[in-house]
Amino acid sequence: MKINQNTDKPIFIQIAEQLEDSIFTGVFPEETKIPSTNEISALLNINPHTVLKGMNMLVDEEIIYKKRGLGMYVKEGAVNKIRHKRQGQFYKQYISALIEEACKLQMTKEDVINLIERGFKDEYNSN
Amino acid sequence: MNTIQIKNITKKYKDVTALDNVSFSFEQGKIYGLLGRNGAGKSTLINIIANRIFPDSGEVLIDGINARENMAVHEKIHCMSEQDLYNTSLKVKEHFKWMNRFYDCFDIEKAYSIAEKFNLNTNKKFKQLSKGYQSIFKLTVAIALNVPYLIFDEPVLGLDANHRELFYNILLNDYEENPRTIIFATHLIEEVANIIEDVVIIDSGKLLLQDSVENLLEKGYCVSGVSAEVDRFCTGKNLIGEDVLGGMKLAYILGEREELPQNSNLQITNMNLQKLFVKLTEKGGI
Numbered sequence: 001m002k003i004n005q006n007t008d009k010p011i012f013i014q015i016a017e018q019l020e021d022s023i024f025t026g027v028f029p030e031e032t033k034i035p036s037t038n039e040i041s042a043l044l045n046i047n048p049h050t051v052l053k054g055m056n057m058l059v060d061e062e063i064i065y066k067k068r069g070l071g072m073y074v075k076e077g078a079v080n081k082i083r084h085k086r087q088g089q090f091y092k093q094y095i096s097a098l099i100e101e102a103c104k105l106q107m108t109k110e111d112v113i114n115l116i117e118r119g120f121k122d123e124y125n126s127n
Numbered sequence: 001m002n003t004i005q006i007k008n009i010t011k012k013y014k015d016v017t018a019l020d021n022v023s024f025s026f027e028q029g030k031i032y033g034l035l036g037r038n039g040a041g042k043s044t045l046i047n048i049i050a051n052r053i054f055p056d057s058g059e060v061l062i063d064g065i066n067a068r069e070n071m072a073v074h075e076k077i078h079c080m081s082e083q084d085l086y087n088t089s090l091k092v093k094e095h096f097k098w099m100n101r102f103y104d105c106f107d108i109e110k111a112y113s114i115a116e117k118f119n120l121n122t123n124k125k126f127k128q129l130s131k132g133y134q135s136i137f138k139l140t141v142a143i144a145l146n147v148p149y150l151i152f153d154e155p156v157l158g159l160d161a162n163h164r165e166l167f168y169n170i171l172l173n174d175y176e177e178n179p180r181t182i183i184f185a186t187h188l189i190e191e192v193a194n195i196i197e198d199v200v201i202i203d204s205g206k207l208l209l210q211d212s213v214e215n216l217l218e219k220g221y222c223v224s225g226v227s228a229e230v231d232r233f234c235t236g237k238n239l240i241g242e243d244v245l246g247g248m249k250l251a252y253i254l255g256e257r258e259e260l261p262q263n264s265n266l267q268i269t270n271m272n273l274q275k276l277f278v279k280l281t282e283k284g285g286i
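Going down the list, the protein sequences come from chains X and R. Each residue of the first sequence is one higher than the one before, counting from 1 in my numbering. Each residue of the second sequence is one higher than the one before, counting from 1 in my numbering.
Simulated from the structure, these hints should not be mistaken for lab results. Careful: at least some of the hints might be erroneous.
[What the hints assert, rightly or not] Short, incomplete list of chain R residues facing chain X, as computed with Cβ under 10 Å: (1) TYR168; (2) ILE170; (3) TYR175; (4) GLU191; (5) ASN270; (6) ASN272.
[To be verified] Computed list of lysine-lysine pairs in DSSO-like fashion (alpha-carbon distance at most 27 Å, straight line): (7) R:LYS279 to X:LYS9; (8) R:LYS117 to R:LYS91; (9) R:LYS275 to X:LYS53; (10) X:LYS9 to R:LYS275; (11) R:LYS219 to X:LYS9; (12) R:LYS219 to X:LYS53; (13) X:LYS53 to X:LYS66; (14) X:LYS92 to R:LYS219.
Glycine included, every Cβ here is placed at the ideal spot set by N, Cα and C.
Please take these sequences and the hints and turn them into a complete structure.
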């Protein structure tokens with residue numbers, strides 16, 4: 001985990017995103033404990049309230065939950081939930097930006113589609 | 001009432017007004033940054049809160065008790081500062097022993113455990129310690145005192161990067177187990193920017209602002225672009241500073257953020273706490 005000081009993103013959102021990413025990639029499997037606010041706060045030298053605020057975002061999204069007296073655990077089905085959420089954000093985050101830039105560069109729809117196909121081909125070949 | 005209330009404090013040194021009718025309060029359980037330029041009045045304020053000097057007028061109430069010449073306050077507040085108020089020929093472990101005798105709230109086991117983490121040799125006399133280890137000794141005593149209000153006036157002077165990290169680490173671990181009010185007065189703003197929750201800025205003896213770091217960072221922003229366009233955007237806004245780079249202008253604004261007009265070529269970026277502080281207090285330096 002790492003905090004980027006040079007981005008416009010508030011730190012609690014960065015914490016939430018990085019925890020979410022770690023859950024998604026299986027660093028913290030479902031029904032296991034994630035690090036405590038204390039551990040994260042001491043590791044990154046961040047106010048524990050800020051860490052807690054980030055964690056609470058994931059609690060609200062039902063990705064983690066609190067086991068009383070034990071700490072925060074990854075919820076069953078969290079990975080699927082994150083995948084759905086990210087698929088939902090895919091258009092806004094990537095496609096709109098891609099098309100905006102393509103238009104600036106005066107590229108046609110076909111140019112873009114060709115590039116996407118090339119990208120998929122490279123991805124399959126590399127796997 | 002669990003707060004430090006600072007009420008209408010004024011302090012003059014001959015014809016210099018160090019603090020001019022300052023009023024605000026520190027709430028229980030938060031980590032504060034007390035920021036101000038050199039000579040702004042931070043140390044004067046801290047010394048008044050810690051009952052080391054007295055204000056000309058006004059009062060400080062700690063949990064409702066008047067701090068002035070009141071021994072009861074010493075079990076509530078501790079101030080670690082650059083001045084060495086310790087007997088320099090006593091050994092570290094003797095200091096621990098006497099602290100333990102004098103203060104009900106001194107946790108001697110905690111003191112030894114922190115000293116061990118820093119590799120502080122408790123058999124050495126205070127004066128035999130290096131500058132860095134003298135600071136470490138004072139930090140160790142401060143954290144081991146379980147008082148509800150802890151003030152650090154430039155805590156990390158002379159500490160190397162590893163020891164600074166370790167200090168923040170130990171302090172945050174302790175804070176999690178034992179939440180209390182911690183006040184950092186420091187010029188190393190970026191180092192404490194993520195640790196502090198609220199910020200108090202003193203400028204030329206007056207309270208300039210008090211806000212949460214999150215709010216402040218949300219309100220402070222920088223607009224850049226062609227000068228004329230930037231000027232148009234800034235009219236009616238609270239401009240706290242500007243920089244000019246050829247035909248480009250960077251304007252620093254404090255206030256509610258506003259959407260950029262359609263088809264605008266302006267750019268909005270965030271400011272970090274240090275930049276915001278510099279811009280807010282810049283005029284005072286001229």
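How the hints compare with the structure:
1. TYR168: holds, 5 Å
2. ILE170: holds, 8 Å
3. TYR175: holds, 7 Å
4. GLU191: Result: holds, 8 Å to nearest chain X Cβ.
5. ASN270: holds, 4 Å
6. ASN272: With a closest approach of 7 Å, the ASN272 of chain R hint holds.
7. R:LYS279 to X:LYS9: Holds: LYS279 of chain R and LYS9 of chain X sit about 21 Å apart, inside 27 Å.
8. R:LYS117 to R:LYS91: holds, 18 Å
9. R:LYS275 to X:LYS53: It holds: about 25 Å lies between the C-alpha atoms, which stays within 27 Å.
10. X:LYS9 to R:LYS275: Roughly 16 Å between the alpha carbons, so the hint for LYS9 of chain X and LYS275 of chain R holds.
11. R:LYS219 to X:LYS9: Holds, at roughly 14 Å.
12. R:LYS219 to X:LYS53: holds, 19 Å
13. X:LYS53 to X:LYS66: holds, 14 Å
14. X:LYS92 to R:LYS219: holds, 26 Å
In this structure, every one of the numbered hints holds.
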